[in-house]
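Join the two chains, each given in its own frame, into one complex according to the hints.
The chain contents come next:
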Amino acid sequence: MTIQTATIDDRSVSFRQGETILQAARRSSIDIPTLCYHPDLSPEGGCRICLVETDRHGRLHAACHAPLQPGMEIRTHSARIDSLRREILSLYLSDYPADTFHPSKDGTELERLMHRLGVQSSELGGASDHVPADESHPYLRFYRSLCINCRRCLHACDEIQGQFVYGLAGRGSSTHLIFGPSQRFADSPCVSCGSCVDHCPTGAITDIDRIGARPPDTIVQSTCGYCGVGCRLEIEVSGSRVARIRGAPLAQVNHGHLCVKGRYAHSYHHSPDRLTAPLLRTKSGWREIAWPEAISWLSRRLLELRDRFGPQALGAFTSSRSTNEAAYLLQKLFRTRIGTNNVDCCARVCHSSTALALQTVTGTGAATASYADIPLARNIVLAGANATEAHPVVGALIKQAVLSGSSLIVVDPRRIELAEYAHVHLRPKPGTNVPLFNAIAKILIEKNLIDESYVQSRTEGFAGLKDFLSRLSLAQGSEVTGIDEEEISKAAFLLAKNGPALFISGLGLSELTQGTASVMALCNLGMLTGSIGKPGAGMLPLRGQNNVQGNADMGGMPNQVTGYLSLTDPKVRGRLEQLWGTAPPPEAGLTISEMLDSAVNGKIKALWMQGEDVAQSDPNQAHVVEALKALELLVVQEMFFSETARFAHLVLPAAGVFEQEGTFTNGERRIQLVRPAVPPPGGARADWEVIRDVANAMGAHWPQETSSDVMDEIARVAPNLFGGVSYTRLEPDGLQWPCPSASHPGTATVHADGFLRGKGRLVALDFVPSPEHSQDGYPFLLITGRALEHYNVGTMTRRTPNSTLLPADFLEIHAADAARLHIKDGQTVQLRSRWGSTQAPAHVTERVSPGTLFLTFHFPETHTNVLTSPYVDPQSKCPEYKVTAVAIAPVGDAAN
Amino acid sequence: MMAAQMSHARRGLEADLKNNSPLVVIQQFVRDRGLPDPSQFKQLSQDLALPEAQVRGAISFYSDLHQSSDATRICIGTSCVLAGAKDLFAAAGRRTACRGVYCVGFCDRSPAALRSDGRVVALNGHASVDPLLDLSSPEPTRPAISSIAKQTIVTRRIGRGDFSGLADARADGAYETLAKVRRMRPESVISAVEQAGERGRGGAAFPTGTKWRRCAEVVSDSKYIVANGDEGDPGSFIDRVLMEDDPHSILEGMAICGHAVGARKGIVYVRSEYPRAMERVKAAIEAATAAGLLEGFTPYIVPGMGSYVCGEETAMLNAIEGVRGEVRLRPPYPVVEGLFGKPTVVDNVETLVNVPWILEHGPAEYAALGTKASPGTKALCLNHGFAKPGVLEIEFGRSLRNVIERDAGGGAHGKRLEAVLIGGPMGSVALPSQWDAPICYQAMAQRNLNLGHGGLVAVLEGTNIRELFLHWLEFMAEESCGKCVPCRLGSRRALEVAQTLGAAQSLPQLERLFDVMAHGSLCAFGQQMPGPMSEMLKYFGDRALE
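Protein sequence lines, in the order shown, are assigned to chains A and B. Counted from 1, the first sequence has number 640 at position 641 by numbering that gives the first Met the number 0; the numbering is strictly sequential. Counted from 1, the second sequence has number 66 at position 67 by numbering that gives the first Met the number 0; the numbering is strictly sequential.
Accuracy of the hints is not assured; some may be wrong.
Claimed, not checked - Partial list, derived from the structure: chain A residues whose beta carbon lies under 8 Å from chain B: (1) Gly45; (2) Leu83; (3) Val164; (4) Gly179.
Unchecked claim - Distance condition first, Cα-Cα at most 30 Å in a straight line; then the derived DSS-like pairs of lysine-lysine: (5) A/Lys489 <-> B/Lys41; (6) A/Lys446 <-> A/Lys428; (7) A/Lys489 <-> B/Lys17.
What the hints assert, rightly or not - Anything over 10 Å on all C-beta distances counts as not near chain A; from chain B, calculated: (8) Leu134; (9) Lys149; (10) Glu216.
Simulated from the structure, these hints should not be mistaken for laboratory data. Ideal Cβ positions, reconstructed from N, Cα and C, are used throughout, including at glycine.
Just chain B, same shape as in the assembly (with noise of 0.2 Å):
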């Protein structure tokens, strides 16, 4: 049978990431010349060995390829739309050049915007246009990051400060980890790994250490080691800060792996919405490559490009290889056929973080954290609506209530909370009466309730639920690949039946089309996203129709 899953055109061709990462090679070209135009995709096609109808095709794709560099990314991510994004997107698109972007990871602070100058602007309950457009604006400051786990690790150095710096992250331990880890065979890398029990934290829970040993099961001359670190669920930002102030943690992940599986290239994909997190890894990688301290792994980043899919792992692995971001057909899964169709591991950049603590203190020790099922921390990101927002790294198995009274405060400003959304929009909506469930993958599971990659949204009593759903069905139709049916044509169905249709004919319509979707679809995105909105009618009804 034949293997078509990479782009068949460049498939065997690996395509030199460190000068001609292709996406932006595009990028370049558009920056510089425009939008090409038949004739100047043949060069383009020539020099990325790339067709052109993919080239064109890849441009129509990424925002960032064919949208304006020069506009103000206005944040109409989850947390920020129920700030007022929406009203402050259409102010602003008044007064300067505006676009819409599906977070830009400050969602403690909503509403948020990313300006061309690549400077932050949060605006923290006060959706107003004026700062955004005021160039003395301050810079967000970092958010307010605790721990109540007995053994701290995923905010370790996070929520001490700023360790991008290679000489502090040095001073606090970094790459010693590595440095032991290499005298290790690999295997037993793999088998600490997999004693320890960590599942991906990117939502998908998937037990590291099995994918470690199936990727170095596979023999082949080249692998690669991808950090996911396109946090693309709006609510969550924890990622977006452990690239800023935590890179090094990450690198050392990866290169840990990259000895456990037999991968001597990396790749860190970070997010265009997160500027800083691209100049900081940029740095630490550099930094770390310069001190010898990577031998024999060579880390390179590939900046994402606007788009939400492409926090999905095989979009990511094409969107890295420059061209449309859609999923893949699995199998052959990354572990066996990823980047350039050699073996990949695409690890979360928070389940990375976490390895060099589990080879540092040993995989009993992070056993003996968390729950059987779900051993160890997690970060979880308290949006602004919560009385404390922030990270808040907990053991795993303390109740929903419990984070959401307690250690969140409840809701902002004495307000009640009707529900709080978990782990995005392919999470879920969780009613008071479910907060009694643990946080665990499993225990969750078992309620219907899906973690994600944990971002908690506050539903505070009065919120406009029905622009909370129109806004979600919006983000599902814009940000659908187009690979499959039912999430290409059904998003943009459900989207127009719940605009135009009143509330007793709309609701079997949606039902309908939420089970095609959620049966029919070919990836996590068009099957999941489906369950908070079905969620959401459920318990909220003709609020979210009328």
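Extracted from the complex, chain A is given alone in its bound form (with noise of 0.2 Å):
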């Protein structure tokens, strides 16, 4: 790129070409003033503020998007130009009425500018009269008669969000901004992620709890504790409330950007049902206890279950929603007060299978791929992930990679937001995947477009998979999936067309009982085409908690340990003694469901669940209530009285991610670290605290102060991983790992030199339907999932507004199937599936093709995972939420 001259204010300025006038101004520290202008955003050309003469015939420029050419010489300050922005500034006041902006050097950016020209009012117009608020939307407001139509918002919500929520109507001076096609706000097709309101120059657009608020105490960095995303906050602190949240403008995850629950649905901390002491059962009833008795009674009663019935009689879920200090400590105080590796998280019911078959095939169980790499992606596969709900903000990185000219297969039974955008959307049966993959992986092979020379040099297995595929037939494969023989095929040229390609894969691959076998046979397409271990491409699974790739890494598993370390590795085991004094048994334990299950049968006595609420979010609802009723012992920590608890012996109150420090590990390994912005209520404390107390109550000597101290531990257990990591490099964006020395700048793409398993491992995959595939009597099935506004079982998000923007869950049904059976849309429809039955609204949609149904999960009214079946993945032991058999009646007259 050629870097060039030219003048701006007599000063010699050099740029690269294309850049604006304005751009070259900023870096040389020259400042245009603008109004329309924003630097997330095109520009928009039309507020001419920021006019700047060109040389010696005093041409005029808008500075904002008027290229800078070798040699102009610019002038940004001069009578005539002042004037003009003054006039110009002027004509804007003439449209409102008198009093409606004040000159102010800390107003609005407006009124900023109009402190800064020296202007106060304008003679002319200035007739019209202030029109009420538009107040209709939980947590946005637009006030028109502020609005001065600059259009930020506009490209803010089509360029950041991609929503397109904004336009114009009318023309000439009666031009005006619109939403969708609605007059109210809250009738637009907003999906609330406040870009507007952060780039709004007037406070047209302002978050509604804000208006005429002061301004915060003090701003503190963190990050969301909603998705695995990992978007990094600025918490606004008025006293010790949290006042407001917004994006960190500079963050590499989110840059600036956020979705409807990590900037507005965080009302749940002041909630006033927040836990607060203590809770033990007596035979009266729950009882307050102080935090002194709460630690000697639970040290005691752990170590006298462990006596009384031996280490295997104890187990820990450990949480993904809590720091990875707590994870890492609680599976350390199992492992070595215990003696057990019954140590399993939440992973296990959502990514074990893509995590398991990410290690088999590659070496590592997480991404292969960073965020980053979206926006370089020239190929996208989005498979069994609603990524613009259930991560939203990476779900619009998707859909301005594809508006920008990258290519999109989606791989859905649903027609999910983003299948609207896609080249090809591949609709198979819930449960088939394995047939689909296998059946484009037979066409890339058989067609010749694959990435020969990858195959050959960076992969194992190939013969093997060849020569399984030719005996496939593809006709059997669309049979199998209900798809296309042309369309699979048509999917699998454009994946060849545009090279490495990037998959991007959700719940959808791993919630199945051939989940593993799912996301291994997309890795073989990623390998097929080269496309792990290079930059723009890879493997992205999207993980479901903040902290859920966290807590994996932090040994919540039952067979390895921190940093995926082998229990039997004598090296491992040597350096284990040598840290923790002891090193846990060899044997591996019990997962999540081995545990309950083991709870019944009466061998489990005992079990710790860190912020887990398994009655309501673990599948076969009625199974799992036996299993904890089952238990001698039921400690949990939570911030919330959950349906979990009520089964417990001792309640812990917790305190939420704005209330402690720790770090969070995000789906693309970035350990991000967490700040304490607001005191927790009450008594509740973070979840480490508690445990090293209740170790060292146990006789352990944990010396930790801070969760930082822990951290320091963590890198010496898994160097290869965490060696690098400190709490002093995690600010601003943290470190992606492997990160394995102090000097080390972390790994965005993994897998970039060679697998870390020497060769990457292409997979023969045979598909075996779900029992659920062919259930007399229940003709249909049926998928879970999310709705953009809650956040699983809704424990942080109905305790906010959000419950009015989705206030109850939803039973997606196709059109053609409502008709049949006489369910209208609105309608309650009754669900019975062999292990349960609830009942839910029915939508009546084409989002569904016919035979299948999705339900939401987030209403304890509901209780969705009554109806899902105990059926798990050989494997990874995932269980299988998104296929269930089902049959469904409507129930009583449909509603309004």
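Here's what the structure looks like:
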């Protein structure tokens, strides 16, 4: 790229070709006033405030969009330009009643500009009256009287979120902002990401609860506690309350962008039903006790049960919601103080299949790529992930990538929002990913569409795979999946056309009885196309929970220790003995479902559950309740008195994400700092502190004073992955593991120089249908999943105004099925599986195919998981949430 | 940097112009079912691959999409206003559904109106309502067309009659040059146009060959040629006559351009105020395509929807894409990133009609005509205020005075001319003292005159200058696209000032507003419209303000 020079205000400025006058000037600290321009957004060029003069003829250019040319002589200020700018600003003001805007050094951006240019008001116009503000939306207010039609909101919505809510109506002086097809903001297609609020220069679009509010006392940078994207936040604190949350503008993960959950759904923190003191079950009911009593009671009880029933009768569920430090200490406590590997986490019930598959074929059970690869990708495959609802910030990135020219293949039984943007949308019958990916692989191989040199040099197992696939028939694949051969072929050719692809996957692949096989089959495609280990390509599973990645990394699994270390490797055992004082038993422990089963049959007597509401979230709810009831000891660390807490013997009040220090690891292996912004309510405490105190009460000598000390120990335990990780290095953007040393920058693309396991493994995968696939009397296949507005079982989001946005679970049913069964939109439907039954209101749609249903699982009233089966993936033990055979019938009359 | 020049939502999506030019889909919907309600927007949005807000925004932008299609369109273009169209509009509005439109292109017989049945009624000086309602009123005939140039180029066919039929056109040599050009290297075609020195006739006078070369240099999987048939400047009607009576020359010019720059698709954008031109161009495309004459080049027709600004090339591209007809930022220029983000040549209809002649006769013969700075000939349009209205083709270089006083015969009915409005609302007001200027882009620019598209409107003695001035201000306020602030709000404030304040107060305010508009606006509309209005204030002073 050639560097050229020009002159701005008599200063020589060098610039890259294509740079605008404004960009070059700002880079050189030359200030040009602007109004409709924002550096995040493409230039609008409408306000003309940034006009500058060029050359001797005094020609005017709008600096925001005019490219700087070699040899140009720019003047950014002169009597003439300054006067023009004032006149333009006066013109703006002429369209509003005289008292609307007030010049001020610390007002809105417009008011600061008025102050700077010395413009008070306009002599002209000003006849119109204020109109009432639109406060129809629970989070956003639109006040037309302050809108200057600068369109920054429109650009933000189009170019960041990709929701295209805003438009303009009328022309000439009657041109004005509109939202979608509706008159009321609440009826617009807005998804409440708040980007428009952050880009509005006048306060016309604001967070509804910040109107007239004082500036916050402090602003704390932290990491979002919802999904695995791991957005960085700026938490604005007033007093001891969270006043507002915004995206950290420069964060690598989210660049200031957030979703309705991360940005707005935070009031649960200050919910009056937070737990504030330890609760002990007594014969006369729950009794609040002091922490020292709780710690000593619990430590005694754990030791007692260990001694009475043996270490294998105890187990722990570490939490994907809590910090790495808490997960690490809890698994360490059970492995060293109790002496069992009965430690598992909720990754078991979501991405255990993904992690196992990736580990088997690549050598690491984690994403090989990063979110930063999405904008670089030219070829995206989105499989079993409804990103715009479940991982909205990543969903928006995918949408923007496609709008910028990337191809997109969506594999999803439902017509999710991103399917509207896809070049090919493959809609397999639920649970038939394996035959679909096999068919694509077969076409790739047989039509010579593979990256041969990659396959030869970097993978193994090709001959076996080829042979296996040669014996499969496409016709059969088409029949099993329900997708035309032609469509499959179209997808295969498109996949091969644009070079290495980025494979973004979700729980639609892993929460199946063929979960592990599904992900392995997808990895086959990743390797055949030469995608893994390259920038803008690779495998990028979207992790569900904020710290589900970290939880597994920390050793929240029964067969591996912190950093995926082997329980049997003598070197590892030696190191653990040295660092922990004792090595854990070499035999693997039990998984979540095995522990619950063992509780039912009396082998497991005690469980410690860190922030996990298994009574609501795990499949086959009746069985779970039976297990919980059978326990001698159930300890729950929770923010709220959850369904599971009802069965506990001791409930420990937990600090929330804004109330403690620690780290979360997002879905791209990025370890990011969580910092306390507000104090926890009452006696609620950070999980890790409680675990440390219990361990010490059990006779350990854990010296950690801070969570940072815990991380230092983690770095020593698993130096290959975390050796270079330390709190001093984690701001602002954290570190992506592997990060083996203090000077290592972290790893964005894993397997870049070869697979960690040596060669990537191509695997021939037979398709074994789910038992749910053919159940007489249960003609529908039910998929469960999430909606944008809520998070999992809704513990957090139901305690916020998100409940106004989506007040209940809903059942998606195809219009043809609904008509056949006389089910009307909004009507309550009874669902029945072989495992249980529930009811939900119907949403008649074409988003699902005929014969397929989709039900959200956010509300305890629905208890969606009473329907799901006890079947699990035989390898990963991941439950099958995504395929359940059900029968349905309408209940009563249609609602209005 | 993000290139969000085209509608971000449909970037990379090329509309199927044959069946679904997006605005036509919307128009059809509105005609069949009325303005969409919020739930219907969703379906339209999916059909068009455009966000709901953009569909709604487009409907509110284009007059034809939200105003009644059953109304009689009374021309309130400059020429008709001078012929009493304002009173006619008011009177007609009491008897039938009417809406005002800026120019139906019958300035030689003002006032005129376009009835909802597609027939034009030209009243030729008699502003009375009855003929508008009388279904038996005759369709106006073709304007008088004459040429005093050494070589007749633009009017070579229309001067002799109707050549819209393919057989007639071919008998007269249409498409022969195209056949010859097909055997030439594209580079040679571009060089010929460059050497001829043709400049765009739409008003901006950009060298045609340069534009073609820049487009040819861009590598792209597809390119477009757009023929700008949105002749909006009140006072001009040559493009209408060309599209009606010589559409094959336009298509031939487009196909030659397509060969030169490597484009296989073209669009003729015809304003809806010209229904007959639309029919004729459509028929011509069908006939020429059926005869295999355009082999390898596919033209489509896209109708305008009632917006003056869409004559501006980037606004026109937005209109074809189905979004609001606002101007785009430049760069990128259309030759690099135009229609659907693809390299696009936008040439005026008259410009394209010159092209086959240039390649038939060779660039030297063309360059020998006119002046060095403005080679060739120009079709001027003379409105009904002249003694001899109609289309007049001249060689560049002839003086305005000769044209006005001799060729046009001075003012109609022997009336004295106070001034001549040249080139529509973005052109100039030329006083008799300025008429010695030669008609040449460069020479006129040196005298602060702007030829625009070459329409001449007579300002006869006794003309109500205030009415004319307010008419222009209204025009600007109504047709401003609304994108940039100086034009969007400046035009409205200027109108309010002129309407409500006295001369002494309004003059300084108007001067300030015109200054901000002229220097601050984004496109030529806002930059140039204040020009003639300032001149009017300068030349006529209080007559414009009181």
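Hints, verified against the model:
1. Gly45: 5 Å, holds
2. Leu83: 6 Å, holds
3. Val164: Holds: closest Cβ of chain B sits about 6 Å from A/Val164, inside 8 Å.
4. Gly179: 5 Å, holds
5. A/Lys489 <-> B/Lys41: 28 Å, holds
6. A/Lys446 <-> A/Lys428: Given that 30 Å is the threshold and the Cα spacing comes to 25 Å, the pair holds.
7. A/Lys489 <-> B/Lys17: 25 Å, holds
8. Leu134: Correct as stated: the minimum Cβ-Cβ distance to chain A is 34 Å, above 10 Å.
9. Lys149: 37 Å, holds
10. Glu216: 16 Å, holds
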